[in-house]
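Model the full structure from these sequences, guided by the hints.
Under our numbering, the letters of the sequence shown match residues 1 to 71, in that order.
Estimated spans, in silico, between C-beta atoms of each pair: (1) Q27 with A63: 26 to 32 Å; (2) W10 with A66: 20 to 26 Å; (3) H2 with T68: 19 to 25 Å; (4) G20 with W67: 33 to 39 Å; (5) T61 with K16: 40 to 46 Å; (6) Q27 with A48: 23 to 29 Å; (7) G62 with G14: 37 to 43 Å; (8) R50 with A6: 20 to 26 Å; (9) A3 with N69: 19 to 25 Å; (10) Y23 with R50: 22 to 28 Å.
In case anyone wonders, no lab produced these hints; they're calculated from the structure. Using N, Cα and C, we set each Cβ at its ideal position, and we do this for glycine too.
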Amino acid sequence: MHANSAVDLWANGGPKPGGGDWYWAPQGTTASGVGVPGGQIQFADINADRREDYLDVDPRTGATRAWTNAG
Numbered sequence: 001m002h003a004n005s006a007v008d009l010w011a012n013g014g015p016k017p018g019g020g021d022w023y024w025a026p027q028g029t030t031a032s033g034v035g036v037p038g039g040q041i042q043f044a045d046i047n048a049d050r051r052e053d054y055l056d057v058d059p060r061t062g063a064t065r066a067w068t069n070a071g
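Put into structure tokens, the structure is as follows:
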């Protein structure tokens with residue numbers, strides 16, 4: 001999560017043979033941000049499709065904007 005609410009995606013390649021570390025492969029930016037601090041962003045499956053959706057939750061009011069994950 002970036003300070004501007006952009007999100008980078010990393011693929012988990014599993015554990016390295018020696019243990020204690022994992023393979024991670026960058027996949028690029030999956031969300032470009034919505035102009036709020038990154039700390040306001042949450043991920044949750046809000047429509048029961050088993051995909052995490054992107055939520056902007058206002059910390060003062062609880063007002064929430066949602067972007068569903070279309071896959």
